[in-house]
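Chain by chain, the residues run as shown.
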Amino acid sequence: MKITRTNILNGLNSTFITLLVLAILVIFLSPFAFMVFTSLKTQDQISVIGAPIWPAAPSTFDYNGKALEVYTVPANTCVGSDPADTSTVDLGIFKKGRQESIFVDPNNLDRGEFTCKVSYRALERPWKFSPTWSNYTEVWETIEFPKLLWNTFMYAVLSNVGVIISCTLVAYGFSRFRFPGRDFLFVLLISTIFLPGTVTVIPQFAFFQKIGWVGTWLPLIVPTFFANAYDVFLMRQYFMTLPRELDEAAMIDGAGPFRVLFSVILPQSYPVLMAVTVFHIVYAWNDYFGPLIYLSTNRENWPISIALSTFNGIYGQKPQLIQAGALMTLILPLILFFVAQRFFVQGIVVTGVEK
Amino acid sequence: MFEQLSNLPKLPSLSSIRKMSALTRREMYLGLGFLSPWIIGFLVFTVIPLVASLVFSFMDLKITDGIFTSPKFVGLQNYVDMVQDPQVWSTGATKGSMWITVKFGLLALPVGIFLPLLLALLMNNKNLKGQNFFRSMFYMPYIVPFVASVFLWGGMLNPETGWINRALMELGMPKESLPTWANDINWVYPSYVIMGIWGVGNAMLIMLAGLQGVPTELYDAAQMDGANPWQTFWNVTFPMISPVIFYNLVLSVVGLFQYFLVPLVVNNGTGRPGGATLFYNLYLYKTFFVYQDMAYGSTLAWVLFAVILVVTVALFSTAKYWVYYAGDSRS
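Residue numbers (the numbering used here), protein chains in the order written: chain A, 1 to 355; chain B, 1 to 331.
Simulated from the structure, these hints should not be mistaken for lab results. Just to be clear, a hint being listed does not mean it is correct.
As the list claims (entries may be wrong) - Mimicking PhoX-like on lysine-lysine, the simulated pairs with C-alpha atoms at most 20 Å apart in a straight line are: (1) K210(A) - K72(B); (2) K210(A) - K62(B); (3) K66(A) - K96(A); (4) K62(B) - K72(B); (5) K62(B) - K286(B).
Unchecked claim - Residues from chain B that keep clear of chain A, each with C-beta distances beyond 12 Å, as calculated: (6) Y79; (7) Q84; (8) K103; (9) L106; (10) L109; (11) P110; (12) M173; (13) E176; (14) V193; (15) D220; (16) W230; (17) N235; (18) F238; (19) Y321.
Note that CB positions come from ideal geometry on N, CA and C, so glycine has one too.
Just chain A, same shape as in the assembly (with noise of 0.2 Å):
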């Protein structure tokens, strides 16, 4: 490329741009680097004022079995010691006392034991980087982690599986027949987006109770049998994509409805149904209003949203556990999102954009 005028003002313009809108990234992603660092602190540095905001512990020194507290002295306050020297060193405090200390100096033993003329309450200690894994074996133990994965696990994939079943077969009555009413049937399908669930929620909740469902993952896993608008639009978008020219050889060769959505359509539908998937597992893992309604009276079945949720509570005073518990809570949707982003962002675009 030629070094023009032009070029030269559309790489800066380039560079500038993309700083800009890295800086915005770091700040937007800043609470995940917040939740990392805070969930590896222990209670001691959070209360600390001053203290760095990366994870730390205040520095000790081993010395002769013993562990001593480092301190940041002042060397010219020290036996022996250049009066005119200014700097600071780190030293392991021996003896503490209000007019003078005795201290060893752990990278120079040889000098022995010797005494500054200080108070050590006056003096600062240096932090060192050190992570409190053990908030995460806390809060694991304690809220039975293993118990909450496996609960929300069982809802994602059986609540999907209702999904996948119900949402192929009205998509494929959407795309593949035309009758009369059709269309009304489908505006009236895309309309109940738009319906406030409040409305409908106190008499779907009076009788999942009349039946004693309550307390059980069946209210929330039976109605996905009977599709829902979202993925009935994505999948009928994609199913109209595909030529019906194969059905119609299908046809001509005796293949019955049921047989072209198995043998023609749904092998051709790899993409459409893992968006589906991926958005409808992320949807049941996050999903916190219904297990709330529906499950909070039975802590056998909780899903991990419901017992992150009472974290507040507990551990309210304690935010290294409340972080710990946001991080085991979405480390496998984003895991999810990093392995399968293609999927997301082709489903999105389909349910905002298209018609």
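Guided by the hints, dock chain B onto chain A, whose structure is given.
Just chain B now, with coordinates in the frame of chain A:
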């Protein structure tokens, strides 16, 4: 997705169905058969509950009462109570839950529309390197579980240990004037908006896809006509992406009227600080799930439904003035 809603197709007449040939009739039965999971679900989980909650709203009914054994109809009593309920409508200085919901909505709605639009415009800039990377990264927090993201941002906003106040202090703000965020009646709504900021990814992706769908010829033509960037945005970009803005606007409005999960998780639904977070839907939730008043809960639900319906219909009626559907034969 919503374009069809403004142009409702007609239901077929019975006589036209009677006149069908055997073959088209067979196709109709098959089609309806495939739709049947949704039709049954729509009746059982939407239509019947919708009617049932309307019926409940005219009764005196606790969840422990038998619905069919001894129905006590009280006419419009619940609606009369509702009109006078100080928890719903403001009385003097005490703010009602409807006022709280609308006030918060008016703060959160512009953020929910303009922030994703701004991000999408930035991301659509042809000089930006690594567009796909940024697109994924800005979307990514959207999939973080709701409770976890509330705790993450709640931690960031913690007055003592959070990074936001720490950053404000680094920037030279004196310690006394730092906001206490969710604990302060004046800062609690902005705090909730911040806690919800990770929800922008979805709208951003949709708006970006809308921007990428604008034909480049239109920009070339605008340039030839000597349009400045601002004119290009208002006369080319905005009309072309107005359908996706409309889609997000309607969904945001419907969602904001029902807002209550954040105060439920953050303050356990207590309305702290000072009753400022007793949102309408939170009041409804407590009426039913805590006080077990099924009739009054249904009344609150139907009033909310009616309000949302009126606002949504009003939004749809404005659509013909500013939402432009390309390739729309009705023009």
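Any of the earlier hints contradicted here, and which numbers?
Failing hints: none at all.
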